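S.K.: Here is what each chain is made of, one letter per residue.
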Amino acid sequence: MSAGTPSGKLHIPISVSRIGIALMAATTAIAGLALCGIAFGRSPGELLAILASGSIGSSFALQGTLLKSVPLLLTGLSVAIAFRAGVWNIGGEGQFLIGALGAFLGARYGLIASLAAAVLAGAIWASIATAMRLWRNAPEVLTTILLNFIAIHLLGYAVNGPLQEASGKYPQSDAVPAGAALPLLGNLELHAGVVIAVLVAIAAWYLLYRTAEGLRLRATGFNRSAAKWAGVNVDAQLIRAMAISGAMAGLAGGIELLGVTHRLFERFAAGYGYAGIAVALLAQLHPLGTIASAFFFGALTTGAGELQRTAGISSMVATLAQAIVILAMIAFMRRSKASS
Amino acid sequence: MHLSHITKRFGTNVAVDDVSLAFAPGEIIGLVGENGAGKTTLMSIAAGELSADEGTIDDRTSAGIVHQHFLLVSEFTIAENLALAMWGRDPEAIIRDSGIALRDVHRRVADISVGEKAKLELIKAVARHPRFLILDEPTSVLAPAEARELFVVMRQLAANGTTVVFISHKIPEVLEVATRVVVMRRGRIVADGGRMTASELAEAMVERRVSVDESRRRAGGGTAGGPPALRSLSSPALRLELKDAGLAVHAGEIVAIIGVAGNGQSELATSLRDSLRGRVAHIPEDRARDGLIAEMTIAENIALAERRWQPRVAAQTAAALIERFDIRAQSPLQRAGSLSGGNQQKVILARELERKPEIIVAAEPSRGLDIEATRFVHDELRAAAARGAAILLITSDLDEAFALGDAIHVIYRGKLSDRLTPSEAAERAPQLMAGVGPRQSGVGA
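So the protein lines, in turn, are chains A and B.
In terms of this note's numbering, the first sequence is residues 1 to 340.
In terms of this note's numbering, the second sequence is residues 1001 to 1445.
A couple of the hints might just be wrong.
Listing some non-contacts, in silico: residues in chain B with all C-beta distances to chain A over 12 Å [said to hold, decoys possible]:
hint, residue
1, R1009
2, A1083
3, A1159
4, V1190
5, G1193
6, R1289
7, A1299
8, E1300
9, A1305
10, W1309
11, P1311
12, A1314
13, R1355
14, A1363
15, P1430
Derived DMTMM-like pairs: lysine to aspartate or glutamate, alpha-carbon spacing no greater than 25 Å straight-line [stated by the list, open to error]:
hint, chain 1, residue 1, chain 2, residue 2
16, B, K1356, B, E1372
17, A, K228, B, E1092
18, A, K228, B, E1295
19, A, K228, B, E1358
20, A, K228, B, E1306
21, B, K1124, B, E1027
Since the hints were derived computationally from the structure, they do not count as laboratory data.
As the structure is a computational prediction, the values presented were derived from the model and not from experiment.
Where a beta carbon is used, it is the ideal one built from N, C-alpha and C, also for glycine.
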């Protein structure tokens, strides 16, 4: 009786075809970038070589890539958790900024307090959208994006006003106290946020696939109505998923502040929140896949920086690659759905 | 139209196995068989929606098919859905010409009952005047009066030369309306003829002689004393006036609520879902939408009701339930959405009854199931009552209500009738369901 032997397929957490789709999308993005080089009078091969050496070609480049990957991993997880519960949280950018703001305010009480403040601030900011959903059924896709604009202007006000540096010269804050900065790993340029981010990814995987609440969260995302009939408290799942999602994006902002910039300034988020959507989609909303996906986009970003320096091609091409990935993922996933 | 030597495989599973079949104009063909016998697959091939692996189709005519699963835009109104199907015609006129009653075309499809959705699908198909019309389990969501309405439409269409194929599990209906009966079993045609008795037909379907007399009564039922486990509730927002109707279900008792679809049954089930606490099992009416999470595995679906989730333990639990409930699945890790309708219902039943519920609210628990699966569902519900569960059965299938119910209420426009004994109900239910006859006492005020 085959039905009675559960060991058969248990050890395959992600199907091979799903990884295949992600690899195809990533390859398409890189191929697209290489072809763009022709427009700048460079051969695709030359471009790929610069891209590779600038992102993973040396220990220095690799560390830069990892540093870029940390916020992408956390905002990617943030998007993935919310999407898994069926909530379109595209407010990662705002939650990232508010998290950084929280971390800055908490920094005087030390590193742990600062990170906790970032988590809390992100969760609260995201929960405003949940509250509006429960109160007046306002769609998150609108409220989260509008909250982004509020967060951007709130930060702008802060660094031009109450939190501006003591010298009052630039629209930026003072540096956080040295005691609150994230420690570096050994003698590398890498801060401990890398470890935190990977641990968060593993925790997210555990939550989704190894806990009863994770099971109910996924059920809510797949089919809210059926989950309700099965006895799942759907509202509680949405509230929790959104809070966790916001907390992750907030943590990303806090780590970026305490590990990299040490200061707040106006364009602090630099698109990490939105990039998280591409990261999560490429990972097909799987927390462990998000690690690989964030590394890929981190490498693209640092590689694109190298392109700008040595080949004079705008680093905006990294954003272009993100867009290609999203479009390719949608196209490939549609196709695999249609053929199955 | 003429099908010859049609074969269709899905993976290793042969759904249709070398079937030849000819249709004549004006025939009403009752196509019967158990779940998974290949009826729907064969008809999808005839309609041109699926291509056959082997075989040929000659003299293909314009075919319309009304699926078990609705193809409607929930956010649109009835009128808008009809406009999608046939642009430029007055929706009221389309409905009138179809001969099927459906009121108020300005209601959103999301808000209408399953029975009304089925009618709307039928109207869409009939309006195209197909030469060949396939109805896949059309009566499974209809009350008897609505089913008779449908039969009138089918006879009209046949009289005008349309070939009507009527896929059904309900033997009495097939015998009533079909001019020819075709029985399928495991992908093959095992019987094809004009006149058949009910027991001949049932025998051909299930490979062994069964009694089609579903009205085997359960002995006893209901503990006399003690407070009812499930007492009346009121939800004014839903225009339900149940409070005064004295709805009470005692432990060990099955109380059936019967009525034409769209008279408040869905609202009643939903409000019970949202208001009852404790060990309560719910079998939802709309299996396709509310039953299971199609994307998740059988094990995951069953574990949704559990406090803990450990994949290995859940897979073992699911494997045991698959065995006990005779669910045709390859593995507990199979996606629930890939199961047939009857097997999905068994998974729901397995999950809900595993809770050892004190109260069971079962809405249309055997809708669209074959004889064997229906009997299985009924036996499980009887067994649960025998264990002491209080069961509220909401159904539009009168046979089911009489087969299971210790007491019966009729629901009409959101109001419950008095509590009736089965013999009282047998006498008064038709009038009460139609809202005619003697005024119901004690209801509404």
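S.K.: Compare the structure with the hints numbered earlier in the document and write down the numbers of the violated ones, lowest to highest.
M.R.: When the structure is compared with the hints, numbers 6, 7, 8, 9, 10, 11, 12, 13, 14, 17 turn out to be violated.
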